[in-house]
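The numbering used here numbers the first residue of the sequence shown as 1 and each following residue consecutively.
Derived from the structure by calculation, the hints contain no laboratory data. Among these hints, one or two may not hold up.
What the hints assert, rightly or not - Think about it this way: if two alpha-carbon atoms lie no more than 27 angstroms apart in a straight line, the pair counts; the simulated DSS-like pairs of lysine-lysine are:
no.: 1; residue 1: LYS136; residue 2: LYS8
no.: 2; residue 1: LYS108; residue 2: LYS129
no.: 3; residue 1: LYS108; residue 2: LYS131
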Amino acid sequence: MPHIVDFKNVSTAGLESSPVAEALAGMRANEARYFMNKYSHEFTVVPAEESQETLDYVNRILNEERGIEFAAKPLETSQFQVENIQFSYVFYEDGLGLNVMYTVDDPKKRAVGFKLSEGMEVPQELEGKFKFARQKSKLAGTIRGSFFVIKKEY
Numbered sequence: 001m002p003h004i005v006d007f008k009n010v011s012t013a014g015l016e017s018s019p020v021a022e023a024l025a026g027m028r029a030n031e032a033r034y035f036m037n038k039y040s041h042e043f044t045v046v047p048a049e050e051s052q053e054t055l056d057y058v059n060r061i062l063n064e065e066r067g068i069e070f071a072a073k074p075l076e077t078s079q080f081q082v083e084n085i086q087f088s089y090v091f092y093e094d095g096l097g098l099n100v101m102y103t104v105d106d107p108k109k110r111a112v113g114f115k116l117s118e119g120m121e122v123p124q125e126l127e128g129k130f131k132f133a134r135q136k137s138k139l140a141g142t143i144r145g146s147f148f149v150i151k152k153e154y
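Take the sequences, apply the hints, and build the full model.
Set out below in structure tokens:
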């Protein structure tokens, strides 16, 4: 069942099994606020078990581009397009938030972004492969983020 993420009243609904549920909910709300402010788009998520197509798409890109397969359980996903950019999000139980930004008409602006919730360790799959920059968020505390550029067509 899809639900719109409320960034004014942050809720852990759908993320309760995460050991960092509060921080992950804050990060999810931070994304929702960004899309509302920049694009007037309501950020909607669905339970991962109801969105296999999104998971398959994200997993294919991770695997083909970098050989990455996450052990953490996906909890929620989101997939939508604003302007000329397709976005796919996966929020994992360990506190990882991942997004695929794929411009429809510009192959130079395609990337996978990783965001680590406050309080979580760097996932083993990313350890030593990426440098993480810190970002402060009123909703999520300190978020650590990194990314890589997508080279192939998907």
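Pair hint LYS108 and LYS129, alpha-carbon separation not exceeding 27 angstroms: 22 angstroms, holds
Hint consistency between LYS108 and LYS131 [alpha-carbon to alpha-carbon, up to 27 angstroms]: OK: LYS108 and LYS131 at ~21 angstroms, within 27 angstroms.
Pair hint LYS136 and LYS8, alpha-carbon separation not exceeding 27 angstroms: 17 angstroms, holds
Going through the hint list in order, the structure satisfies each hint without exception.
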